[in-house]
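Undergrad: Now for the letters of each chain:
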Amino acid sequence: MQVEQISVFLENKSGRLSEVTAILNESNVNIRALALADTSDFGVLRLIVDDTQKTISTLKNNGFTVGKTHVVAVEVADRPGGLHEILTMLHEAEINVEYMYAFVRTSGDNAVMIFRIEEDQKAVDLLQSKGVNVIDGERLYSL
Amino acid sequence: MIHDIEYETMPREALESIQLRRLQTTLERVYASVPFYRKKFKEAGIVPADIQTLEDLSKIPFTTKQDLRDNYPFNMFAVPMDNVVRIHASSGTTGQPTVVGYTARDVQTWSKLMARSLAAGGAGRGDIIHNAYGYGLFTGGLGVHYGAECLGASVIPVSGGNTKRQVVIMRDFKPTIITATPSYALHLAEVAEEMGVSFESLNFKFGVFGAEPWSEQMRQEIERKLNLVAVDIYGLSEVMGPGVAIECHEAKKGLHVFEDHFIPEIVDPKTLEPLPYGSAGELVFTSLTKEAFPVIRYRTRDITSLNTEPCVCGRTLVRMNRVTGRSDDMLIIRGVNVFPSQIESVLMDIEDVEPHYQLVVDREDNLDVLTVNVEVGERGFTDEVKGLQRMERRITKNIKELLGVSAQVKLVEPKAIERSQGKAVRVVDNRRI
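So the protein sequences, as listed, match chains U and C.
So for the first sequence, the numbering used here puts the first residue at 2; every next one is plus one.
So for the second sequence, the numbering used here puts the first residue at 19; every next one is plus one.
In case anyone wonders, no lab produced these hints; they're calculated from the structure.
Don't take every hint at face value.
[What the hints assert, rightly or not] Under the rule of at most 30 Å between Cα atoms (straight-line distance), these lysine-lysine pairs were calculated in the DSS-like manner:
1) C:Lys428 x C:Lys404
2) U:Lys61 x C:Lys428
3) C:Lys270 x U:Lys14
4) C:Lys60 x U:Lys61
5) U:Lys61 x C:Lys77
6) U:Lys69 x C:Lys60
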């Protein structure tokens with residue numbers, strides 16, 4: 002149930018982000034999801050790509066500081082209240098969500114949310130026990 | 019290993035009588051041949067014969083960097099140019115470079131003192147020395163070079179720059195000793211890692227690092243990354259070049275000054291009064307055997323203290339402690355004295371912080387603002403913004419607690435801070451007073 006996410010440290014300088022996308026373009030990497038967290042001085046760019054290993058080595062070779070984390074991809078009913086239900090389940094089980102963002106593609110009729118959760122195994126077990134569909138990496142990259 | 023047993027372990031009384039004799043000879047010479055010194059002595063109302071004991075040294079006026087600049091290029095030479103076989107210039111990190119000269123005997127003396135230094139640092143005849151100090155007007159490269167040859171070791175004159183090629187040389191020639199600036203050593207380690215060459219697979223035993231101040235924490239980092247024992251070497255071109263003082267690898271606690279060739283003093287930087295052993299102050303040198311370019315009570319602007327405790331290595335030469343900063347790369351930020359090396363200590367004490375930093379000082383609305391740019395490497399990078407912010411805050415807090423100065427911390431990308439091939443540029447001071 003692991004989904005690999007890449008994080009890249011970016012100084013808040015103009016052009017840094019487009020340098021990353023230029024590099025990915027040259028290596029023929031397809032971005033599946035992207036989120037950018039920013040402070041006034043720097044940003045952390047989070048990416049889900051179709052070839053995690055290649056992306057990490059290419060970015061590192063180009064002098065970027067890169068990390069790899071595991072996130073959970075969850076199917077969410079595409080209607081008002083869909084997300085709220087998932088969050089309520091997690092809250093009741095006292096599982097903390099670090100951050101989350103939406104995935105570009107849908108899974109059938111459902112929306113897909115990416116969650117970063119410290120206790121990810123616990124969260125996966127809980128959600129599945131409640132009939133929520135958790136999507137694994139392989140499937141996610143090809144959606 | 020002690021290269022020159024007779025002089026390096028000489029009993030103090032014998033050493034002091036040699037010092038006095040050599041001092042008197044030097045004073046007679048400079049009085050006779052260097053107009054600058056004769057004028058200074060006359061202004062102070064003294065003649066060389068007034069110096070009858072080592073304590074009388076304090077009667078003599080000081081020589082400063084400005085004096086050397088005012089006599090640029092050759093006006094303080096004590097011999098005709100025909101006798102000068104080598105000319106060097108200081109690297110000028112703080113202003114206009116100063117020029118120094120050497121007779122053939124000076125070059126020989128320098129080589130012997132460098133041989134002593136390399137030996138104290140762990141080198142011997144059978145060693146292969148990778149010399150990454152810059153060759154040229156800078157005294158580092160040629161200083162080590164001649165010392166290595168005098169010692170009988172095999173020196174590879176790599177010089178600075180061309181880092182990838184240096185890694186290939188290290189991998190193929192398997193040198194056992196490395197000589198470089200501490201900041202360049204860390205850069206070499208970085209590039210070696212990128213090229214897949216591990217220091218565990220290399221043959222380094224010892225490294226002799228200097229030409230810039232570096233902290234105890236940086237020593238530990240270098241020893242860990244380069245897999246060797248690291249010692250500090252001290253010198254300045256105005257006095258001779260590297261080889262004025264050297265840390266022995268046996269103790270690694272202070273640098274032995276070659277007192278048979280240089281008399282060290284510590285003076286109060288404000289009052290210029292000599293201070294007793296153990297007190298911290300400005301380091302002053304008087305050369306005893308230099309022919310072409312002797313210096314009398316030269317103010318180095320380096321801050322340190324002298325330690326007379328007997329050393330386990332057996333040398334009887336006084337030790338100077340690590341130079342904590344120069345009195346002129348000291349910053350004054352909102353009235354607080356700050357040395358870049360102090361910031362370095364704070365950074366190196368925090369786990370996960372890389373040793374690549376730069377201080378930028380600005381004046382905004384009439385107030386000094388200190389920004390510490392710190393590179394974020396693999397070690398320190400966490401996916402969560404709050405983790406990075408936590409690191410920023412920790413650095414700010416530690417700087418405030420230790421130094422009493424508020425600094426803004428800016429995390430920057432790897433290599434955002436320029437790597438220098440010589441001394442690292444630690445401070446960018448944008449203030450215009």
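Undergrad: It remains to establish, for every hint, whether it holds in the given structure.
TA: Taking the hints in turn, this is what the structure says about them:
Between lysine 428 of chain C and lysine 404 of chain C the alpha-carbon distance is near 14 Å, which keeps this suggested pair within the 30 Å criterion. Under the criterion of a C-alpha separation no larger than 30 Å, the hint pairing lysine 61 of chain U with lysine 428 of chain C is consistent with the structure, at around 21 Å. The straight-line distance between the Cα atoms of lysine 270 of chain C and lysine 14 of chain U is roughly 43 Å, outside the 30 Å bound, and the hint therefore fails. Restraint check: the Cα-Cα separation between lysine 60 of chain C and lysine 61 of chain U comes to about 66 Å, which exceeds 30 Å; the hinted pair is violated.
Taken as a hint, the lysine 61 of chain U and lysine 77 of chain C pair is broken in the structure, with Cα atoms around 62 Å apart against an allowance of 30 Å. Of the supplied pair hints, the one linking lysine 69 of chain U and lysine 60 of chain C is violated, its CA atoms being roughly 73 Å apart against a limit of 30 Å.
When held up to the earlier numbered hints, the structure conflicts with 3, 4, 5, 6 and fits the remainder.
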